[in-house]
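Protein chains in written order, with this note's numbering: chain A, 1 to 408; chain B, 409 to 764; chain C, 765 to 846.
Treat the hints as calculated values from the structure; they're not laboratory data.
Be aware that a few hints might be false.
Mimicking BS3-like on lysine-lysine, the simulated pairs with C-alpha atoms at most 25 Å apart in a straight line are [what the hints assert, rightly or not]:
(1) K458(B) x K506(B)
(2) K636(B) x K247(A)
(3) K784(C) x K344(A)
(4) K344(A) x K439(B)
(5) K784(C) x K132(A)
(6) K264(A) x K641(B)
(7) K699(B) x K717(B)
(8) K636(B) x K808(C)
(9) K243(A) x K484(B)
(10) K402(A) x K379(A)
(11) K808(C) x K329(A)
(12) K458(B) x K521(B)
(13) K282(A) x K763(B)
(14) K717(B) x K238(A)
(15) K132(A) x K26(A)
(16) K132(A) x K111(A)
(17) K717(B) x K658(B)
(18) K609(B) x K785(C)
(19) K291(A) x K439(B)
(20) K243(A) x K571(B)
(21) K633(B) x K809(C)
(22) K636(B) x K103(A)
(23) K437(B) x K285(A)
(24) K484(B) x K506(B)
(25) K285(A) x K705(B)
(26) K439(B) x K285(A)
(27) K786(C) x K344(A)
(28) K784(C) x K609(B)
(29) K227(A) x K132(A)
(30) K267(A) x K243(A)
(31) K808(C) x K786(C)
(32) K809(C) x K334(A)
(33) K344(A) x K320(A)
(34) K521(B) x K243(A)
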Amino acid sequence: MKKYTTPLIDELEKGPWPSFVTEMKKAGKHNEMANDAVGHLEKCYRTKMGYWKHGGIVGVLGYGGGVIGRYSEIGDEFPGVAHFHTVRLNQPSGFFYTSKALKEICDIWDKYGSGLTNVHGSTGDLVLLGTKTDALETIFAEYSSRGWDLGSSGSALRTPSCCVGQGRCEWAMYDTMGLTYALTQEFQDEIHRPTFSYKFKIKSSGCACDCVASIARADMSIIGTWKGDIQIDQAEVKNYSSKMDIKAEIIDMCPTQCMSYDGKELKINNAECNRCMHCISKMTKALKPGKERGATICIGSKAPIVVGSLLSWVIIPFIKIEEPYTELKDLIRKIWDWWDENAKPRERIGEVIEMKGMRSFLEAIGVPPMPQQIREPRKDPFMFYTEDDIASYKAKEAEEKKTGKYKF
Amino acid sequence: MALPQRRTDIGPPHFEQFLPPVIKKNYGKWKYHEVLTPGTMVHVAESGDKLWTVRVASPRLMSTDTIREHCDIAEKYCGGYLRYTTRNNAEFLVSDEKQLEPLKKDLTARGFKMGGIGYGITNVVHTQGWVHCHSAATDASGLVKAMMDELYDYFESKRLPNKVRLAVACCVNMCGAVHCSDIAVVAVHTKVPVVNHANFKNMCELPTVIGACPTRAISPDPANKSVKINADKCMYCGNCFTVCPPISIKDPERDGVAIVVGGKINSLRSNPKFSKLVIPYISNEPPRWPKAVAAIKHIVEVYAANARKHERLGEWIERIGWERFFSLTGIDFTFQSIDDFTFMRDTMRTASTFKW
Amino acid sequence: MEIAELQDKIFAFVEAAKGKKKLKEKDIIKGVSAEQSMQPDEVKKAMRAMIDVGRLMYSYGGGASSVEIPSEEYLREKGLIK
Numbered sequence: 001m002k003k004y005t006t007p008l009i010d011e012l013e014k015g016p017w018p019s020f021v022t023e024m025k026k027a028g029k030h031n032e033m034a035n036d037a038v039g040h041l042e043k044c045y046r047t048k049m050g051y052w053k054h055g056g057i058v059g060v061l062g063y064g065g066g067v068i069g070r071y072s073e074i075g076d077e078f079p080g081v082a083h084f085h086t087v088r089l090n091q092p093s094g095f096f097y098t099s100k101a102l103k104e105i106c107d108i109w110d111k112y113g114s115g116l117t118n119v120h121g122s123t124g125d126l127v128l129l130g131t132k133t134d135a136l137e138t139i140f141a142e143y144s145s146r147g148w149d150l151g152s153s154g155s156a157l158r159t160p161s162c163c164v165g166q167g168r169c170e171w172a173m174y175d176t177m178g179l180t181y182a183l184t185q186e187f188q189d190e191i192h193r194p195t196f197s198y199k200f201k202i203k204s205s206g207c208a209c210d211c212v213a214s215i216a217r218a219d220m221s222i223i224g225t226w227k228g229d230i231q232i233d234q235a236e237v238k239n240y241s242s243k244m245d246i247k248a249e250i251i252d253m254c255p256t257q258c259m260s261y262d263g264k265e266l267k268i269n270n271a272e273c274n275r276c277m278h279c280i281s282k283m284t285k286a287l288k289p290g291k292e293r294g295a296t297i298c299i300g301s302k303a304p305i306v307v308g309s310l311l312s313w314v315i316i317p318f319i320k321i322e323e324p325y326t327e328l329k330d331l332i333r334k335i336w337d338w339w340d341e342n343a344k345p346r347e348r349i350g351e352v353i354e355m356k357g358m359r360s361f362l363e364a365i366g367v368p369p370m371p372q373q374i375r376e377p378r379k380d381p382f383m384f385y386t387e388d389d390i391a392s393y394k395a396k397e398a399e400e401k402k403t404g405k406y407k408f
Numbered sequence: 409m410a411l412p413q414r415r416t417d418i419g420p421p422h423f424e425q426f427l428p429p430v431i432k433k434n435y436g437k438w439k440y441h442e443v444l445t446p447g448t449m450v451h452v453a454e455s456g457d458k459l460w461t462v463r464v465a466s467p468r469l470m471s472t473d474t475i476r477e478h479c480d481i482a483e484k485y486c487g488g489y490l491r492y493t494t495r496n497n498a499e500f501l502v503s504d505e506k507q508l509e510p511l512k513k514d515l516t517a518r519g520f521k522m523g524g525i526g527y528g529i530t531n532v533v534h535t536q537g538w539v540h541c542h543s544a545a546t547d548a549s550g551l552v553k554a555m556m557d558e559l560y561d562y563f564e565s566k567r568l569p570n571k572v573r574l575a576v577a578c579c580v581n582m583c584g585a586v587h588c589s590d591i592a593v594v595a596v597h598t599k600v601p602v603v604n605h606a607n608f609k610n611m612c613e614l615p616t617v618i619g620a621c622p623t624r625a626i627s628p629d630p631a632n633k634s635v636k637i638n639a640d641k642c643m644y645c646g647n648c649f650t651v652c653p654p655i656s657i658k659d660p661e662r663d664g665v666a667i668v669v670g671g672k673i674n675s676l677r678s679n680p681k682f683s684k685l686v687i688p689y690i691s692n693e694p695p696r697w698p699k700a701v702a703a704i705k706h707i708v709e710v711y712a713a714n715a716r717k718h719e720r721l722g723e724w725i726e727r728i729g730w731e732r733f734f735s736l737t738g739i740d741f742t743f744q745s746i747d748d749f750t751f752m753r754d755t756m757r758t759a760s761t762f763k764w
Numbered sequence: 765m766e767i768a769e770l771q772d773k774i775f776a777f778v779e780a781a782k783g784k785k786k787l788k789e790k791d792i793i794k795g796v797s798a799e800q801s802m803q804p805d806e807v808k809k810a811m812r813a814m815i816d817v818g819r820l821m822y823s824y825g826g827g828a829s830s831v832e833i834p835s836e837e838y839l840r841e842k843g844l845i846k
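Let the sequences and hints guide you as you build the complete structure.
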């Protein structure tokens with residue numbers, strides 16, 4: 001095996017934080033591809049630029065995603081990374097593993113790939129970093145025969161992911177792991193065979209803490225919430241009063257100012273609470289969310305390309321999330337149908353909604369306008385009126401004339 | 409040896425088989441949790457069962473050797489169960505308190521770093537960079553390593569008014585969704601791309617390339633059967649390069665990084681927010697990006713000294729005002745911080761009630 | 765129409781676009797079902813069967829996925845030709 005001198009990236013083996021360079025070198029000791037990846041990276045550091053080409057056409061027969069083609073421009077110099085494709089393995093919900101399963105994944109990867117991984121990639125997949133085209137079918141057979149399928153890439157439903165949810169969190173307002181598994185199984189075709197205009201991401205968070213950042217990076221963000229009163233254990237509140245300044249840290253920081261504390265009893269005006277999770281997350285022993293639980297569905301977030309980042313918009317303020325999740329699955333299909341009908345190539349759903357108008361989208365999926373969907377109403381007077389709109393406003397006025405009572 | 413039979417459309421294994429017995433038993437019935445140290449917390453179930461979590465830093469880019477070591481540790485102390493977090497830390501879970509100290513001792517002996525829970529700095533969400541991406545304008549893993557070495561105390565022990573979420577994107581595609589982080593580094597190009605006309609006609613679709621430009625800087629170039637780019641309109645986003653490889657945008661001496669601050673994704677107290685641009689350009693300085701790292705550390709320290717307890721960086725800035733943020737940090741305010749793309753209307757000040 | 769005949773039509777449709785336009789699945793399903801006055805689902809099913817045996821393939825380029833006629837190199841790699 002070629003020995004590379006790597007003075008620049010060696011600098012990244014110093015210091016307390018675990019070093020990715022050390023990891024690459026570890027793999028490089030017994031793997032030609034990883035060894036060349038080390039030399040390749042040193043060259044990037046020396047010249048201050050990357051050498052990877054655009055993704056190419058690679059994959060397993062029948063699937064349109066799950067493998068990202070990657071070739072180096074300088075494969076002659078570093079033959080081990082001339083082909084260096086990524087394989088995405090669909091992670092189990094919540095990123096839980098047994099050592100037996102993980103070791104099996106490692107054994108196969110050492111045999112056919114570089115031995116380098118990302119645990120995990122941004123979308124959530126377990127990423128296997130670097131293999132050759134002729135190994136792909138073998139890798140797929142080895143993994144799929146042991147129960148592991150590929151994740152997604154390209155213009156498809158991307159691998160859904162979620163927070164740890166009810167597995168280890170008292171705030172999970174629905175079963176994020178169960179839902180993620182169910183949606184992943186339901187939409188296997190949309191995951192493996194790119195049929196959309198662009199990518200579509202679904203991320204599930206159990207509460208407004210949003211530990212998978214669904215509000216910022218999922219076309220569909222499913223965020224747990226509740227109805228009803230926050231459950232208070234006054235004895236525990238009292239215990240907290242010796243550990244924290246309840247007035248300064250809880251009452252005064254409540255965004256809706258709906259709480260009070262007189263040193264004896266904590267009171268919450270629940271009708272005014274907007275369920276932000278601040279008080280609950282700081283007094284976890286004393287406060288619990290209300291009992292009617294479900295999720296808020298938000299749509300449209302994405303990173304800045306092409307005309308700026310979006311956060312997801314509230315579409316459905318409250319929906320029950322219960323097995324077999326039929327209502328949600330139907331909703332997802334309706335959303336895709338409208339998107340598919342209206343999207344130009346490489347348009348995310350948020351961009352299409354901006355282009356075609358929120359009304360068009362809401363009507364297509366059968367959701368009425370609600371003040372919970374907006375931060376504030378429009379400020380310009382340029383609006384569409386359909387004939388039906390005017391007819392309904394006129395009908396309301398006719399009704400008012402009859403009853404003698406205005407209904408605004 | 410014959411290849412095993414491939415199976416398609418099976419999806420991932422059901423997660424239940426990977427759950428430790430204590431989680432299976434108490435699934436959906438957790439009562440509360442407490443952070444014990446920056447590296448450990450305990451979750452208590454309604455049944456009274458307890459689950460201790462020990463969180464360990466990971467470089468995300470890992471060799472199978474290290475994953476196997478994680479597995480060995482899990483086998484020794486955790487019945488063979490382990491998990492990873494959305495921010496790429498490893499977590500070891502024990503239901504028997506007696507296992508906790510031996511586990512921590514072993515982790516320390518093996519050189520693993522525990523921390524990242526609560527009001528400090530945990531692992532950095534980041535993209536592939538030069539390690540594996542075609543559009544990288546910097547190396548993400550190297551920046552993360554350099555940043556976290558410098559901020560390591562905040563991972564392991566030192567506390568802050570609230571958590572500070574860090575992220576690195578190696579180009580403006582931001583595939584790690586870094587745009588809502590307390591502090592994020594985003595790598596930028598700063599020069600108009602160059603079109604290789606000879607390859608254009610074979611590799612690119614004209615309408616797609618023109619349509620890819622957010623500022624309408626690209627127009628047809630019939631003489632070359634290609635496109636031309638208007639330098640006055642181009643903002644170097646690189647989207648044309650994404651759809652058309654013969655358009656080249658990388659430039660070693662001009663690519664660099666920008667720093668954005670004040671974003672968050674949770675809804676605690678205030679709504680989720682985007683991060684905003686405060687430092688428009690720092691040169692790429694591999695292997696350790698000293699100026700970018702110093703800038704981040706400086707912002708963390710000014711936040712730590714001035715924010716109230718529980719205030720996230722963006723909340724603190726909104727309370728004191730951006731003009732105060734710039735004066736407190738001493739960061740030069742530049743034209744690049746004034747939006748001239750899509751959000752100018754929402755971001756200019758429309759009142760005389762600012763601070764000096 | 766027999767499935768084999770439909771698949772020939774689909775193949776011809778993809779071949780006609782070769783080098784001109786990257787076709788998404790949707791373009792093929794819409795185009796062929798309109799051309800042959802057929803249900804989109806039938807076209808989709810026939811096309812998928814072609815992809816499963818490597819007569820067509822999914823491709824990726826320019827930031828989006830498409831459907832193409834496989835190269836000889838691809839077929840050789842998949843062991844479909846020698």
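So, going through the hints one by one against the coordinates:
1. K458(B) x K506(B): Status holds; Cα separation ~12 Å.
2. K636(B) x K247(A): Measuring from Cα to Cα gives roughly 62 Å; hence the hint is violated.
3. K784(C) x K344(A): holds (17 Å)
4. K344(A) x K439(B): Violated: K344(A) and K439(B) sit about 48 Å apart, past 25 Å.
5. K784(C) x K132(A): violated (30 Å)
6. K264(A) x K641(B): violated (63 Å)
7. K699(B) x K717(B): violated (28 Å)
8. K636(B) x K808(C): Measuring from Cα to Cα gives roughly 39 Å; hence the hint is violated.
9. K243(A) x K484(B): Given pair K243(A), K484(B) is violated - Cα atoms ~36 Å apart, limit 25 Å.
10. K402(A) x K379(A): violated (33 Å)
11. K808(C) x K329(A): It holds: about 21 Å lies between the C-alpha atoms, which stays within 25 Å.
12. K458(B) x K521(B): Holds. K458(B) to K521(B) sits at ~23 Å (cutoff 25 Å).
13. K282(A) x K763(B): violated (32 Å)
14. K717(B) x K238(A): With Cα atoms ~20 Å apart, K717(B) and K238(A) stay inside 25 Å; holds.
15. K132(A) x K26(A): holds (20 Å)
16. K132(A) x K111(A): holds (12 Å)
17. K717(B) x K658(B): violated (43 Å)
18. K609(B) x K785(C): The given pair, whose Cα atoms are some 12 Å apart, holds under the 25 Å limit.
19. K291(A) x K439(B): Holds: K291(A) and K439(B) sit about 14 Å apart, inside 25 Å.
20. K243(A) x K571(B): Holds. K243(A) to K571(B) sits at ~20 Å (cutoff 25 Å).
21. K633(B) x K809(C): The hint is violated at about 38 Å.
22. K636(B) x K103(A): violated (52 Å)
23. K437(B) x K285(A): holds (14 Å)
24. K484(B) x K506(B): holds (13 Å)
25. K285(A) x K705(B): violated (34 Å)
26. K439(B) x K285(A): Roughly 7 Å separates the two Cα atoms, so the pair holds.
27. K786(C) x K344(A): holds (13 Å)
28. K784(C) x K609(B): Holds, because 10 Å separates the two Cα atoms, which is no more than 25 Å.
29. K227(A) x K132(A): The hint is violated at about 52 Å.
30. K267(A) x K243(A): holds (19 Å)
31. K808(C) x K786(C): holds (17 Å)
32. K809(C) x K334(A): holds (21 Å)
33. K344(A) x K320(A): violated (33 Å)
34. K521(B) x K243(A): violated (29 Å)
Consistency note: the structure conflicts with the earlier hints numbered 2, 4, 5, 6, 7, 8, 9, 10, 13, 17, 21, 22, 25, 29, 33 and 34.
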